[in-house]
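With chain F fixed as given, assemble chains Z, W and V onto it according to the hints.
Taken in sequence, the protein lines are chains F, Z, W and V. When we follow the numbering used here, the leftmost residue of the first sequence carries the number 2, and every step to the right adds one. When we follow the numbering used here, the leftmost residue of the second sequence carries the number 2, and every step to the right adds one. When we follow the numbering used here, the leftmost residue of the third sequence carries the number 2, and every step to the right adds one. When we follow the numbering used here, the leftmost residue of the fourth sequence carries the number 2, and every step to the right adds one.
Since the hints were made in silico from the structure, they are not lab data. Every value quoted in this text rests on a predicted model; they were computed, and no experiment measured them. Take the hints with a grain of salt, since some may be wrong.
One copy or two, it doesn't matter: identical chains are merged, so the pair holds either way.
Straight-line distance between alpha carbons at most 27 Å, and here's what the computed DSS-like set of lysine-lysine pairs gives [unchecked claim]:
id	residue 1	residue 2
1	Lys397	Lys31
2	Lys224	Lys174
3	Lys464	Lys474
4	Lys326	Lys464
5	Lys163	Lys174
6	Lys397	Lys415
There are 4 protein chains.
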Amino acid sequence: MIRTAEQYIESLRDNRVIYYNGEKIPDITKQPKFQGSINSRALCYVLYDHPAFKDLLTIEENREKYLFLWKQPKTAEDLVRRRELYINCMRWGAGMSGMGPDALAASGVTAARCDRELGTHYTEAIEDYRKHLRSADPAITGAITDVKGNRGLRPSAQEQHKDFYVRVVDKNKDGIVVRGAKIHISATPTANELIVSPCRAHREEDKDYAVVFATPIDAKGIKLLTSPGYSEETGEEAEWNWPASGRSGGVSECMITFDDVFIPWNRVFLCGEWQFSRTQAWMFGVFHRLFGTCHKVISTELAAGIAALMAEYNGIERYPHIQEKLTWLAMHAALIDITARAACEHPDYFEDIGLATPNLMYTNISKYLFADGQHQCSKLVADITGGIASTVFTYKDWMNLEERPYIEKYLAGKAGVPTEHRLQAIRLAKDMLGHGHDGAFIHTEGSLAAQKMAMYVAAPWDKYKAIAKRVAKIPGWKEQPDLKDLPDLPFQRLI
Amino acid sequence: MIRTAEQYIESLRDNRVIYYNGEKIPDITKQPKFQGSINSRALCYVLYDHPAFKDLLTIEENREKYLFLWKQPKTAEDLVRRRELYINCMRWGAGMSGMGPDALAASGVTAARCDRELGTHYTEAIEDYRKHLRSADPAITGAITDVKGNRGLRPSAQEQHKDFYVRVVDKNKDGIVVRGAKIHISATPTANELIVSPCRAHREEDKDYAVVFATPIDAKGIKLLTSPGYSEETGEEAEWNWPASGRSGGVSECMITFDDVFIPWNRVFLCGEWQFSRTQAWMFGVFHRLFGTCHKVISTELAAGIAALMAEYNGIERYPHIQEKLTWLAMHAALIDITARAACEHPDYFEDIGLATPNLMYTNISKYLFADGQHQCSKLVADITGGIASTVFTYKDWMNLEERPYIEKYLAGKAGVPTEHRLQAIRLAKDMLGHGHDGAFIHTEGSLAAQKMAMYVAAPWDKYKAIAKRVAKIPGWKEQPDLKDLPDLPFQRLI
Amino acid sequence: MIRTAEQYIESLRDNRVIYYNGEKIPDITKQPKFQGSINSRALCYVLYDHPAFKDLLTIEENREKYLFLWKQPKTAEDLVRRRELYINCMRWGAGMSGMGPDALAASGVTAARCDRELGTHYTEAIEDYRKHLRSADPAITGAITDVKGNRGLRPSAQEQHKDFYVRVVDKNKDGIVVRGAKIHISATPTANELIVSPCRAHREEDKDYAVVFATPIDAKGIKLLTSPGYSEETGEEAEWNWPASGRSGGVSECMITFDDVFIPWNRVFLCGEWQFSRTQAWMFGVFHRLFGTCHKVISTELAAGIAALMAEYNGIERYPHIQEKLTWLAMHAALIDITARAACEHPDYFEDIGLATPNLMYTNISKYLFADGQHQCSKLVADITGGIASTVFTYKDWMNLEERPYIEKYLAGKAGVPTEHRLQAIRLAKDMLGHGHDGAFIHTEGSLAAQKMAMYVAAPWDKYKAIAKRVAKIPGWKEQPDLKDLPDLPFQRLI
Amino acid sequence: MIRTAEQYIESLRDNRVIYYNGEKIPDITKQPKFQGSINSRALCYVLYDHPAFKDLLTIEENREKYLFLWKQPKTAEDLVRRRELYINCMRWGAGMSGMGPDALAASGVTAARCDRELGTHYTEAIEDYRKHLRSADPAITGAITDVKGNRGLRPSAQEQHKDFYVRVVDKNKDGIVVRGAKIHISATPTANELIVSPCRAHREEDKDYAVVFATPIDAKGIKLLTSPGYSEETGEEAEWNWPASGRSGGVSECMITFDDVFIPWNRVFLCGEWQFSRTQAWMFGVFHRLFGTCHKVISTELAAGIAALMAEYNGIERYPHIQEKLTWLAMHAALIDITARAACEHPDYFEDIGLATPNLMYTNISKYLFADGQHQCSKLVADITGGIASTVFTYKDWMNLEERPYIEKYLAGKAGVPTEHRLQAIRLAKDMLGHGHDGAFIHTEGSLAAQKMAMYVAAPWDKYKAIAKRVAKIPGWKEQPDLKDLPDLPFQRLI
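Bound conformation, chain F alone (with noise of 0.2 Å):
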């Protein structure tokens, strides 16, 4: 079954509890910061049943209609499709998840090797689970990182309590009780269920925390404490200052509390078997670096384009430098995209289990680049928009009608550039970079190239090919004046 839009937003008024700065939420879908990621997480089931996605995000096995990305994935084809489905609901801008599905992908490796190496049957569990995902369609997210406290001591080693790591505190013929946290879990408030895995390698005495299962995220013990969203503002304005996220952005991340959750066998795909849960933590990094990379593709585009309109419309687009920033920023998009795509095409082969993943190499290639070069991209794209990231004006102050004649004269740039268009992409520009001190940073008295200008300029050059003259012997560096003093080389031959 895949459900609607509808259904899906209906199950959200469950009863989970839930907290946003400060306050708990009663009904998320009432809440104007939560509304951007519902709609955006709504979208997907839309595509699911448009014309033009439905056939690459959807299989159909015994007259049952399901999610492809419920399937394991078998073959190169298969990451192709899993990266181009990931890839179009993003172009859409739908707000698809990686998280869920690349736990449900990691924790099949997992307990296939677990059952097969231990005799242990979580297979089964996993199976049941996905005829439940099947039929029900609910919307999952995955958890993995655990709120670790000192990173310097393994589990079972910290001191203040033992449960910077999600354990298993109790279990008995019909489940297990489950005790601790789960932090930064994207898609939180728009999910159904989660499934939660360790993340990190374990040892024997750590293996309380070997545990990977399945839950409703309104599950009695469970608490969600929602980080705060990218923006204090809701509605138009929020989608006028912040293009991108304003839309869709939203409260979407948080930290999930166990206060001693419940959890049947049958929704337990590990418990105990503490040589597994490096798999399960590597499994799903691998799976989750090709959704990762997927949004990277759509960020490091946007970037290039953000430099290039910014450039076009301060009438830039001429000058060296600002080219050779806007090749870098295309190199660091292609080459993100490359890697990815490679990483499908050329994947990994598990023969033991029949499935394919992602090329371990290429993948984390890929990852590492677009991280590593974040900061880079954030530096050119604020080099070449200019202070006015730091400094543009606001939603509030176009709309004030005695303001918005100055900011239209003033701020325009290129000709034939309505003023708006500007504002809207640096506002867009800003959204990049954020209210952060390092745009504002590089421009407070003065640009870089300004810098290198005067110090082009301040150096030293006669001096210097003076230096260089008399080493190599070629006559004129005896006029220099730093160098007047100064005899031939060598001054004297005693040998």
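Frame of chain F; chains Z, W and V shown alone:
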């Protein structure tokens, strides 16, 4: 005369026309968003009379006590004192602004040269203005950056209108009339007067733009459109959420528009002598680098401190890659300091006009290193702090007594560090990093270190080593499956 | 026809005028400094008939067997095969040169376009030349780079003489007469013929420089001035001292001078159509990137191997900073490979002329990453190998039986690795790094790691942490001596 | 006493056992490969008595004149003088070596501390040695780096033998017996004596390795295995081909082996006090950074000069990207200088022993910046010089009168620059860059600038800009073919 802090605050209740986020503000001293900046600047007036500071900040001449910054620097000692003055006030938290004093110093140089070469008398106007500064002690700022329009066109060649750079539109025996707009002008809402300078060199056709003058900020025809501050909150909430900018940040940056503003001749320091616009812009830069690098000593030392603190609170201070990152931050902070200090200790002397200015090469190196390294600073702080800099809870979450126990338990770090301290350190890191996606983006789907580890694991080391062994004729490479079909090098000798 | 290796070697005994280090060489096949290059290229002829290679390297058409490289690529498959052909021959150690085939492919594109637009008939000359290549099987090279004179002036605007770029000085019914010089032309001493192309775009005034042609290398008026090889030694000593370049390096690069050389019309592929010089230079570049990136796959994998081997031999392969450096090298090698392969798999198609060329963006990314990262590669290899890459002993030291016991004892590394193996690996590293000071200079007075450690120790961490605590309002900073006189922030509230 | 240059040269004709490239050298003053280094060091003795230098280089105490370097620095002025002394001698071309004086200074600190804490009497031995230095004036060097074996194991844990670090193998009432080898020891063939120090910290089990001593270089049991010089040529050919290293380079680096060498107690400065090995190694480093950074001022200014000269000779000095590269080189040179000078001006004081040492943070920053930037320096010099640095002709080519006219004509650069000057500048660049492939590799198949240009041309700017416009809601993006099927954002509002 040196005014009291109270006199200073009172003086801001004048006729200024000022807008903030779409609203016209009748009295900025009553508007909470402005109070941080005002208080911060008012503290300078406290220091002028503080026993630990007054010998540094003020001088007495002919029984008149006035601010040291009104004096033109003539020696290395003057520059070193100027630097110490800025740094010490900043360290105390007083909102010292260099824009005004630096514009004044630059105007002194420009006027001296112009008068000497062209026989003008601008130095007299400047001396008159210095006298006014000494007796009335207004808070001043300096306006440099024009709105610029198409950056690829000169001022007089702009297409949409001719006011993208401030220019003289009329003049008579009493003074001149100016039109245009200046943007990103710091410390403007907290100032009484401002000195306006060109921001670039001019040719003869741009001579209407070659104008330097001083004016009260509430003169007829001036409007101030402020840029939004760093955060929405005010008061204690702002200070908790944004420990650095929430306290003193407030609203500070302005676009200043000039609707045919009248300037009397005794406040005009350049008017039409286009050959000297370059001197003014350049000299402002030279002095303003000195100020800017003082700020940067403060901020880079703070960044090194944030990172070292977070490393300790997270329990990761012993990891080699963390120590390497901390080392870079310490080196960066030291470099800014060493080079900026050397610029004062080894100044450039202008014998024609008897002045000393910060060493052009050194001061630009200092500023360049800072700006060029700013995003690297942020990257390292984000890397060490962790994803929590993006998702950390707010003041209101912390004040909610249902949420607090969870936050207190789960956001604890190393034993012995109260969670609230860790929270405050994280909020400080977030304040540095802003709401930008950069920090989040380097952590989502795994940290940089995680990717490197995965690549190290995935790389075909045996193959690579076998390749090297084959070339170096070291036995053992033939066992490597990827190379097993390759011949020795050279596989045959024909000659 | 495909010649034998012996026929090829014999063909080099022609009338060529060639100089090496100040001597005119009557028969290069007798000169030891040339034998490495000659043997290496002769091995290609062995491979043309080798069972493992012939299906890859040659094609048969109308019962005529000829080199696959003489065929113009039309599909992604053709490009992938071209790439495999180059890489496989290089891996075997055969001295495949791409200059000639790439110039040929470029000439095919240029001629097709010029003929179509201007009604010329250059394609006929090219077809005639291809026929000659298929039947006579000469070894060819391509000459692109001109000597250029003042790089700031166009060819026809050069001041000292007009021959800084190869140009047509005369023409008649039989052919044209050319003058000028080409420089850095690889694979020339080992070639029989060469194709000459412009290296830049032209304007109408440069039309005499718009010339493409083929010629035997021993034509009247051609002189070859070779560049020195990488080392002085020859034979076994060269191979021991320089395991990579000592074997096949030899003399390879030439300046080729043309003293009014006659070229018949059936070898002229462009003459005066200045609008197409750009096409020729650009297309040569596009094809030659494909070749170049094959070389770079070989050399970056070798660099990763050298570094991994030296890390192991030195016993440092477990240190995190070493693993980080190795990871960079592996990532770099993989990136060159992924991007260059993607350029062939996803080519640009030119439908007007029915051709496929390597994807312009991807192939340039691959080449750029290589060149941009080359010095970083060398830095990391030098860093891991140690100062010994600068000071390692020679073949003659090793052969001296008084020295050898000392070398054997003291240059041992990790137990289990024969000293000679370590020596050979070091010599290979040295061969990559050359005699340049770079490697020595990063180690003299202590390694980079030593400096970082010292800075970490020297940095004022307590002060920095106290600075951050003060801003974050975390108690404890007042105990820090450097801060003890500072007040709380803000030290007073006035408003 | 200060010896004459002749006395110094005569003193090298002693019993030293020395090998060069497989040959035992009976008298190094007769071997041309050694004469450059010897002459260069002999020039120091000329300067000691030179009117422009003697006040800087020597001091007189109790009517005894001796080298300033034998005095332990106690103040900032001493350190500044030490720095000036090194830099001035280097600028004149005298082969000043810091290894010996720096080892001496370090030994003074170590002995003072060890004596104070453990009641030993090493300071007496050092004073005795200083007396010997003042009266006999030998040329000394310092040996630090051990051969090390497996770098992952401590000295006493080495597996193959115990001599990878120099150690005491016997001791009696007269002295001690040492065994082991030191490597990369500069200035050894030209020295008379050497001071041997550990290169690392020790634990108690390594106490036999905790030994510092001085010895004549021709003592029984010492063998010197020299490393090859930078080039094969000698005399005028060497100087023309390698303008910097060909003149003074020669053979300089040694592996020094100790076959049970006897050291009398009055030359033993530490023996078994393992706690102080770290002090010795560390202090040597601190002093040697001062020396090293002097060298680096010389070499970075030279690199900036070479690049500026080549830019001019090639006619490219006006291109923005060239100016940007030159600016980096000038900034780099200035940074090394500023930071190293500041390390002397603001030293660390050790009040316990009354000494001043270069500021630990600053001196390491200076050295680190140099080493870290060395490959960047080379990359920029190679980039600006061009591929010709790899393929430039030799002295013998230039001397061949058939080749010279071609070289003279075709290797000319900008008009007004004699070709020979350009050749000499290129040879100087090549001397800096070495025969390594780095320079060649960044130019083969096109320069970095060419790749950037191609990528700029190839990048899909219209698509990128349309992507940004769509997000920013700026009209016009739907016309872009790649985006034409995408909906507005959000494509639907469900909530």
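Verification of the supplied hints:
no., hint, in the structure
1, Lys397 - Lys31, "both (25 Å within a copy, 20 Å between copies)"
2, Lys224 - Lys174, "within (25 Å within a copy, 75 Å between copies)"
3, Lys464 - Lys474, "within (15 Å within a copy, 48 Å between copies)"
4, Lys326 - Lys464, "between (32 Å within a copy, 17 Å between copies)"
5, Lys163 - Lys174, "within (24 Å within a copy, 62 Å between copies)"
6, Lys397 - Lys415, "within (24 Å within a copy, 44 Å between copies)"
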